[in-house]
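A.B. asks: Sequence:
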Amino acid sequence: MSKGLTAIRDNHQAIYKGLLFVLTISLIVYLFPKEGKFKYEFQKGKPWLHENLIAPFDFAIDKSPDQIEEERQQIALQKDLFFTLRVDVRSTVQEVFKGQIQAQSTFQADSSAQAALALSMGTMVLDELYKQGIVRWPETLRIEDWPEVSLLVDGVAQDARPADWRTLRSASLYINDRLGQFELEDETRSALETALLASLEHNILYDNETTQKVLESELDNISLTRGVVQKGQSIILRGEVVDEDRFQKLNSLKKEYEASILAKSNYYLIVAGQAILVSVVLSVLFLFLQRYRPAILADNNKIGFILLNIILMILMGTLLIRLAPEYLYLAPFCLLPIMLRAFFDGRVAIFTHLVTVIIIGFVAPNPYEFVLLQLIAGIVSILTVNNLYQRVQLFISAAKIIGIYFVSYFALAVLQEGSLSTIETLNFALFAGAGFLTLFSNPLIYAFEKIFGLVSDISLLELSDTNNKLLRELAEKAPGTFQHSLQVANLAESAVSEINGNTLLVRTGALYHDVGKMVNPLYFIENQATGMNPHDDLPFDDSAHIIIEHVTQGIELAKKNGLPDRIIDFIRTHHGTSTVQYFYRQYVKSFPEQEVDMAEFSYPGPLPFSKETAVLMMADSVEAASRSLKQPTADAIDQLVNSIIDHQMEEGQFAQATITLKEINVVRKVLKKKLLNIYHLRIEYPE
Numbered sequence: 001m002s003k004g005l006t007a008i009r010d011n012h013q014a015i016y017k018g019l020l021f022v023l024t025i026s027l028i029v030y031l032f033p034k035e036g037k038f039k040y041e042f043q044k045g046k047p048w049l050h051e052n053l054i055a056p057f058d059f060a061i062d063k064s065p066d067q068i069e070e071e072r073q074q075i076a077l078q079k080d081l082f083f084t085l086r087v088d089v090r091s092t093v094q095e096v097f098k099g100q101i102q103a104q105s106t107f108q109a110d111s112s113a114q115a116a117l118a119l120s121m122g123t124m125v126l127d128e129l130y131k132q133g134i135v136r137w138p139e140t141l142r143i144e145d146w147p148e149v150s151l152l153v154d155g156v157a158q159d160a161r162p163a164d165w166r167t168l169r170s171a172s173l174y175i176n177d178r179l180g181q182f183e184l185e186d187e188t189r190s191a192l193e194t195a196l197l198a199s200l201e202h203n204i205l206y207d208n209e210t211t212q213k214v215l216e217s218e219l220d221n222i223s224l225t226r227g228v229v230q231k232g233q234s235i236i237l238r239g240e241v242v243d244e245d246r247f248q249k250l251n252s253l254k255k256e257y258e259a260s261i262l263a264k265s266n267y268y269l270i271v272a273g274q275a276i277l278v279s280v281v282l283s284v285l286f287l288f289l290q291r292y293r294p295a296i297l298a299d300n301n302k303i304g305f306i307l308l309n310i311i312l313m314i315l316m317g318t319l320l321i322r323l324a325p326e327y328l329y330l331a332p333f334c335l336l337p338i339m340l341r342a343f344f345d346g347r348v349a350i351f352t353h354l355v356t357v358i359i360i361g362f363v364a365p366n367p368y369e370f371v372l373l374q375l376i377a378g379i380v381s382i383l384t385v386n387n388l389y390q391r392v393q394l395f396i397s398a399a400k401i402i403g404i405y406f407v408s409y410f411a412l413a414v415l416q417e418g419s420l421s422t423i424e425t426l427n428f429a430l431f432a433g434a435g436f437l438t439l440f441s442n443p444l445i446y447a448f449e450k451i452f453g454l455v456s457d458i459s460l461l462e463l464s465d466t467n468n469k470l471l472r473e474l475a476e477k478a479p480g481t482f483q484h485s486l487q488v489a490n491l492a493e494s495a496v497s498e499i500n501g502n503t504l505l506v507r508t509g510a511l512y513h514d515v516g517k518m519v520n521p522l523y524f525i526e527n528q529a530t531g532m533n534p535h536d537d538l539p540f541d542d543s544a545h546i547i548i549e550h551v552t553q554g555i556e557l558a559k560k561n562g563l564p565d566r567i568i569d570f571i572r573t574h575h576g577t578s579t580v581q582y583f584y585r586q587y588v589k590s591f592p593e594q595e596v597d598m599a600e601f602s603y604p605g606p607l608p609f610s611k612e613t614a615v616l617m618m619a620d621s622v623e624a625a626s627r628s629l630k631q632p633t634a635d636a637i638d639q640l641v642n643s644i645i646d647h648q649m650e651e652g653q654f655a656q657a658t659i660t661l662k663e664i665n666v667v668r669k670v671l672k673k674k675l676l677n678i679y680h681l682r683i684e685y686p687e
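Under our numbering, think of the first position of the sequence shown as 1, with each following residue one higher.
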């Protein structure tokens, strides 16, 4: 039992990473749709590159969205219009007409026989009109376009011809013509026409509700298929071009095939296949980190951050694929490389982005197109966000991402379709939306900084401000050390720039690397303005202890002031495991007979582990030593820089740093050049 616990304790880091790995795979597989995948890839307008394809079973041929939409439009154009006959209107109109006659002064002055005759004539005309029907026709429709409609009489539909009906306008013309056929005095005819026109009312009304219900029913009943492919029937032969007809057949087979796989109770096999694929891809990421970025792999916090971002991107992608696959390109997948670039280097960002889009590509509707577009856009996003602390840089990056989406998709669509008319214009709007959403990277970066304790370029810029509380305190308590730190920052920044490192990181680390000296500032020569050296009254080993202690005191101050680990790393490593040479030699010289405990005169480490920490060690040592040069000539500076860096290499101070010999030589040249500029000899002019 104790051995087991000991093994767990000794390997808890590896166990934790293993659990993270398994948990990530489980979550991703859980998010994946559980349908099987059609094993053939094909594109419209391209040759079929696989073996001859024979239908393995009967399946229906699905209509394309364009065909269905065309059918819907055709049905809408030819929809059956419904009208309702108001049978009660006829009697109502007769009563109104009778009242109009009685109210007319013309008929009141005449005999009752004349009024009765007018009433009889008018009633006859109204009977003729309402036998035909007076319709209120919708203003948005042309009556000429509808030779036949349906008329609802007591709820029963009958065929009717709108051409047989009258409108109020044609009814008034009919009344005028019809009264002209009667032998009436002008005054009587005019009074009768007025009474008739005042009595008219529509008895046939457009029934929009019934029309829409019937239309919706017809639209719902549109068949989504256009035929059947029989088992054993040839679908496409090798080398044949995937035209529109074959494309629909292949898509229909793919849909039926993927659905049938799930229906055949192969659920666990599908899950196993997905788990294996995801495991392989994630293993590639872990191998990359192990080989090229071991410091990241060793940090569980950073690994957790990377895996969480992968899961979030896959969650976003799979949700869109499930709910609205046509809007997949709206997802801002370029957020992933931008956020990772803020905390790590470009290689980690692009490799993680590649792994993520490949995993999403397993379930994306068009995996080739999806992976290609996202990979290109991801590379562009990384190449354009070197300086995230400049706000305009993010807008420029978003614009470039949108532009590369547009250009890449346009080229790919033209290549596949061979026509501009078939390009999905909706995708351009989605690409613009995805580019716009990348602007939210800054608040996300800030949130992840707080959650995971990571440091972005924006935070580094804030920390490098010399008005920062801790730096102001350093300038007040140890002004010489502060000036030394500024010089080291300039030297290190120039050197790191030449070897493509993180200049902002090394500059910020350099500003804080000696903050521990402000605890005992007078014990460091750069702060001894009066010429008094307190080391003169101390034993050599005590002096060495005070000098070495500025590293541990600096770490304590940094933690107390909330500095991130990436900056504290510069404090820890800027002396590595080197020896306090002056006091060590003085001790050996004074006590030659005693055995020296090297630990008393050596820094505790650790060694520098990155380009930036290695360059800071070189710049710090060189800058401090250069102050002792009485004649800072080019030869003297050259010899000084070479001797210091050679000694550090001999001690193995750079053994764990990701810096090459070639890069170290570049740093040498930069340091020599910068020091020569600082200590250039002035020309003495005659008085």
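Everything labelled a hint here was simulated from the structure, so no lab data went into it. Note that this is a predicted model, so its numbers are computed, not measured. The reader is advised that the hints may include incorrect statements.
[As the list claims (entries may be wrong)] Taking lysine-lysine and the BS3-like style, the derived pairs with C-alpha atoms no more than 30 Å apart in a straight line are:
1) Lys34 <-> Lys46
2) Lys477 <-> Lys560
3) Lys131 <-> Lys98
4) Lys46 <-> Lys63
5) Lys630 <-> Lys450
6) Lys630 <-> Lys477
[Stated by the list, open to error] Estimated spans, in silico, between C-beta atoms of each pair:
7) Val271 <-> Phe57: 23 to 29 Å
8) Arg238 <-> Phe57: 42 to 48 Å
9) Asp154 <-> Glu70: 35 to 41 Å
10) Thr577 <-> Gln483: 25 to 31 Å
Here a beta-carbon is modelled for each residue, glycine too, at the ideal position from N, C-alpha and C.
A.B. asks: All hints, please: hold or fail.
C.D. replies: Evaluation of the provided hints:
Between Lys34 and Lys46, the direct Cα distance comes to roughly 29 Å. Compliance with the 30 Å bound is thereby established for this hinted pair. At roughly 17 Å between alpha-carbon atoms, Lys477 and Lys560 fall within 30 Å of each other, so this suggested pair holds. Taken as a hint, the Lys131 and Lys98 pair is honoured in the structure, with Cα atoms around 19 Å apart against an allowance of 30 Å. As the CA atoms of Lys46 and Lys63 are separated by approximately 20 Å, the hinted pair is consistent with the 30 Å bound.
As the CA atoms of Lys630 and Lys450 are separated by approximately 49 Å, the hinted pair breaks the 30 Å bound. Using a Cα cut-off of 30 Å, the hinted pair Lys630 and Lys477 holds, with the two alpha carbons roughly 27 Å apart. Checked against the given bound of 23 to 29 Å, the beta carbons of Val271 and Phe57, roughly 24 Å apart, stay inside it. Between Arg238 and Phe57 the beta carbon distance is about 21 Å. The supplied range of 42 to 48 Å is therefore violated.
About 38 Å separates the C-beta atoms of Asp154 and Glu70, a value consistent with the hinted range of 35 to 41 Å. Restraint check, Thr577 to Gln483: a C-beta distance of roughly 27 Å satisfies the suggested window 25 to 31 Å.
The structure shown violates the earlier hints numbered 5 and 8.
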